[in-house]
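For reference, the chains in residue letters:
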Amino acid sequence: MQPLVRGLTRVGKRCFSCPALTSLNEDELALKEMVANFARAEIAPRVMAMDEAQKMDDEIIRKCFEQGLMGIETSAEYGGADLGFFGSIIAIEELAKVDPSVSVMVDVQNTLVNNAFFRYANKDMQAKYLPMLATDTLGSFCLSEAGSGSDAFALKTRAESMGGGKYVINGSKMWITNSGEAGLFLVMANVDPSKGYKGITCFVVSKDNPGLKVGKKENKLGIRSSSTCEVLLQDCEVHETDVVGEVGKGYKIAIELLNEGRVGIGSQMVGLAQGAFDVAVKYAYERKQFGVAIGTNQGMQHQIAQAATNIQAARLMVYNAARKKANNEDFIQDAAMAKLFASQVAGDVASKAVEWMGGVGFVKDYPAEKFYRDAKIGAIYEGTSNIQLTTIAKMIQAQYA
Amino acid sequence: MMRRTIASNMRAVVGVKQCIDYNIKVKVKDGKVVKDVKHSMNPFDEIAMEAAVQLKEKGIVKEIIAVTIGPKKAEADVLRPAMATGADKSVHVLCEADEADKLETLQVAKIFAKLHEELKGDIYFMGKQAIDDDQSHVPQMLTALLGCSQGTFLSDITVSDDKTSIEISREVDDGHETLKLKLPAVVSCDLRLNTPRFPTLPNIMKAKKKPVDTKKLADMGVDLASRIQVLEVSQPEERKGGGRVADVDELINKLKNEVKAI
Numbered sequence: 029m030q031p032l033v034r035g036l037t038r039v040g041k042r043c044f045s046c047p048a049l050t051s052l053n054e055d056e057l058a059l060k061e062m063v064a065n066f067a068r069a070e071i072a073p074r075v076m077a078m079d080e081a082q083k084m085d086d087e088i089i090r091k092c093f094e095q096g097l098m099g100i101e102t103s104a105e106y107g108g109a110d111l112g113f114f115g116s117i118i119a120i121e122e123l124a125k126v127d128p129s130v131s132v133m134v135d136v137q138n139t140l141v142n143n144a145f146f147r148y149a150n151k152d153m154q155a156k157y158l159p160m161l162a163t164d165t166l167g168s169f170c171l172s173e174a175g176s177g178s179d180a181f182a183l184k185t186r187a188e189s190m191g192g193g194k195y196v197i198n199g200s201k202m203w204i205t206n207s208g209e210a211g212l213f214l215v216m217a218n219v220d221p222s223k224g225y226k227g228i229t230c231f232v233v234s235k236d237n238p239g240l241k242v243g244k245k246e247n248k249l250g251i252r253s254s255s256t257c258e259v260l261l262q263d264c265e266v267h268e269t270d271v272v273g274e275v276g277k278g279y280k281i282a283i284e285l286l287n288e289g290r291v292g293i294g295s296q297m298v299g300l301a302q303g304a305f306d307v308a309v310k311y312a313y314e315r316k317q318f319g320v321a322i323g324t325n326q327g328m329q330h331q332i333a334q335a336a337t338n339i340q341a342a343r344l345m346v347y348n349a350a351r352k353k354a355n356n357e358d359f360i361q362d363a364a365m366a367k368l369f370a371s372q373v374a375g376d377v378a379s380k381a382v383e384w385m386g387g388v389g390f391v392k393d394y395p396a397e398k399f400y401r402d403a404k405i406g407a408i409y410e411g412t413s414n415i416q417l418t419t420i421a422k423m424i425q426a427q428y429a
Numbered sequence: 025m026m027r028r029t030i031a032s033n034m035r036a037v038v039g040v041k042q043c044i045d046y047n048i049k050v051k052v053k054d055g056k057v058v059k060d061v062k063h064s065m066n067p068f069d070e071i072a073m074e075a076a077v078q079l080k081e082k083g084i085v086k087e088i089i090a091v092t093i094g095p096k097k098a099e100a101d102v103l104r105p106a107m108a109t110g111a112d113k114s115v116h117v118l119c120e121a122d123e124a125d126k127l128e129t130l131q132v133a134k135i136f137a138k139l140h141e142e143l144k145g146d147i148y149f150m151g152k153q154a155i156d157d158d159q160s161h162v163p164q165m166l167t168a169l170l171g172c173s174q175g176t177f178l179s180d181i182t183v184s185d186d187k188t189s190i191e192i193s194r195e196v197d198d199g200h201e202t203l204k205l206k207l208p209a210v211v212s213c214d215l216r217l218n219t220p221r222f223p224t225l226p227n228i229m230k231a232k233k234k235p236v237d238t239k240k241l242a243d244m245g246v247d248l249a250s251r252i253q254v255l256e257v258s259q260p261e262e263r264k265g266g267g268r269v270a271d272v273d274e275l276i277n278k279l280k281n282e283v284k285a286i
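Protein chains in written order, with my numbering: chain A, 29 to 429; chain B, 25 to 286.
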C-alpha cells in the first residue's frame, strides 16, 4: 500500500475513500499556482488603472491568451490545455482574488463561449472556431436585450430566413460582456416568433460581419474594465452553416450554458470575497489603535471568523456543483444555490472589508472599495438572485409537494 | 547565399532547488525551521531556467535537463514547473526530506560533479544562491570539482557561433565584468539576467509526459560525510524601533557599547 497522500489511501491505483471537496489533483494545483503567480505579478499592478479607464489593457488580454487561460477545457488538438471544468473554476477563482473583471472575461470565454462549441457545434465548426478562441479571439455571448433579461426567451432579435440557407438578423442586444474586445459573437435570434421560444437559434457572427456593430459601452458601478456594450445587428447576413447546434434549439443551448456559467460566477464571487478578506484582515492585524491591533478586538474577531466561515461554505458549494457537473450528474439546483449564496457572501464580506479598513477602505488608493463595487453584479448577472431563489423553490416544490 | 549554422547539440543542465516559498514568513519552533509549509523553486533558479530556455528558443541549446535533490514532493514543487517552463527532461536525486535539509553545499556540488559523468552538460546553470541558506557556494564548488570554467552573478550571456565558448557579463561591486569562458562552464544567475516567464497552461499539461530519471542518493556513491555542525537555529530578533542620537560621539558610543557592532 502506498503512503497516505492528502487524505487518500491507495491500493494499486484505486481510491479507497472520497477526497475532500477542497482536494485538487496535480494538474489543478499546478494551474492554481500559475494563475495565482500570474495574477499577482501581471494583473495586480494594473487593476486600479484599468478600473479608472474602464478599459481592460490589451496586454492583459494577450497575456491571458498566452498563458492558455482562454482555452482551459479545449482539447490539445485545438490548442487548449485539455483540463476539465474544474480547471476553469480554479482559474476564475484565483483571478477574481486579484481582479473580478479579468476573472469574468476568462469565465465568459470558457464557460459560455467555448462551452457552446464543445457541446453543440459540429466537428467542422469546432475545428474552425476553437483554435482561434484558444489563441487570440475573445468571444461574447449575446442573449439579453433591453426588453428581455430574466425573461430571456422574450427576446426580439429576429433571424429571417431568405431561402438558400441564408438568414438576415435584425435586433439589438444589451449588457453584453467582452463585446468591446470580442472578435466572435454568439447571437441568439428567433427564426420563427410564432413558435415562441422554440424558434430561438444560436448563430456565430464574426466581428467583421458588416451587419454587426458594437454600440455604447455602459458606465458601470463595478467590474468597470470588463466591457459591457450594446451589440447592434442590422441586416446582418449569416448562413445556416453558422448555426450552432440546430435551428430552433437555441433556447436549450442558452439554458444549459447558463447553468454551467452560474458555477463560474459562483467561483468569481468566492474569489472576490477571498481577495477582499485577505487584504482587509492583513490590515486589521497591522493597524493599531488604543495600543492593540484592531483585528484582536473581539468584535472584529467574531466578524472575521464569520466571514471566513461563509467564504468557505460558498467555496464548498461552488466546488461541489463543479465536480457534479464534471461527473455529468444533475447539478442545476446545486449551481443555483452556489451562485446565490456566493454572491451574497461576496457582497457581505466586501462590505465588511471596507469597514474593517476604516477610512483606508473608503479610498481608491486601496483595493477594498473596488471589491465592494464589483461584488454587486454577482446578485444580478447570469440569473438574478430572485431568479435563483425561484428556481431553487420550484425544484424543492417538485420534491415535496 | 545561405549561412550554414552548426546544428546544435549543446546540453544545458539547470540545478533547481526546492525552498520555502518566498511569500511565506519563516518561523522557528523548538530550534528548527518549520518546514511543513509551501515550497517552490528557488527564485534565482527560475532565472537560471529562463536563461537556458531562451538559449533553446534561439536554437543554440538543444536539450535542457533540470536537476533537483530532494524528497518525492520535489517533483511537483520544482521539476514539473521546470519542465513546464521548458526543460526537456529531469533528473531527480531522491532522498528523504530531512536528509535533503542536512545536505551541505560541498555535498551538493559533489552530487552534481557525479552527475556530470553521465549528463556531460556543456553549461551548468544555477541560481547565484538559494533563498533559504543564502550560501552562494555550489556553483563555485562545482567548478572546482570539475576543473572547468566559472561565471558567477551573470547579468548577460552569449554563446559563440562555434559553441565552444560563452561570453558573459557579471555584476561586481564596481560595475560589470565581461569574461570569455571555454565550455564546459558552470554559471550562476543573478537578478538582472532575465525575468522568468510563467509556464503556460498547455505546457504545464505537457510537462506531465516529460521523463523524470529518478536516482537514489544513497546509491550514487557520493561522499556525504558532514563537515559542518549546526549549533543553533533561532528566529532573528524582532526589529525594534530606531532612535535619534545627538552627535557623532553618542553614535560611536551606541555602536560600540550597546549594539556592539564595532
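Please note: incorrect hints may appear among the correct ones.
[As the list claims (entries may be wrong)] A short list of chain B residues far from chain A (calculated; beta carbon distances all over 12 Å):
(1) K86
(2) R104
(3) R221
(4) I228
(5) M229
[Unchecked claim] DSS-like mimics (lysine-lysine), calculated; alpha carbons at most 25 Å apart, straight line:
(6) B:K96 - B:K51
(7) B:K82 - A:K316
(8) A:K83 - A:K316
(9) B:K96 - A:K91
None of these hints come from the bench; they were simulated from the model.
C-beta: ideal position from N, C-alpha, C; glycine also.
Verification of the hints:
1. With a minimum CB-CB distance of about 24 Å to chain A, B:K86 clears the 12 Å threshold, and the non-interface call stands.
2. Against chain A, the non-interface label of B:R104 is violated: not every CB pair exceeds 12 Å, the least being about 6 Å.
3. With a closest Cβ-Cβ approach of about 9 Å to chain A, B:R221 is found to fall inside the 12 Å limit, against its non-interface label.
4. The claim that B:I228 is not at the interface with chain A is violated, since a C-beta of that chain comes within 12 Å of its own (minimum 5 Å).
5. Interface exclusion of B:M229 from chain A breaks down, the closest Cβ pair being 5 Å apart, not more than 12 Å.
6. With a C-alpha separation of about 23 Å, the suggested pair B:K96 and B:K51 falls inside the 25 Å cut-off, and the hint holds.
7. With a C-alpha separation of about 54 Å, the suggested pairing of B:K82 with A:K316 is violated against the 25 Å cut-off.
8. Our distance criterion of 25 Å between C-alpha atoms is broken by A:K83 and A:K316, whose separation comes to about 37 Å.
9. About 32 Å separates the Cα atoms of B:K96 and A:K91, which puts this hinted pair outside 25 Å; it is violated.
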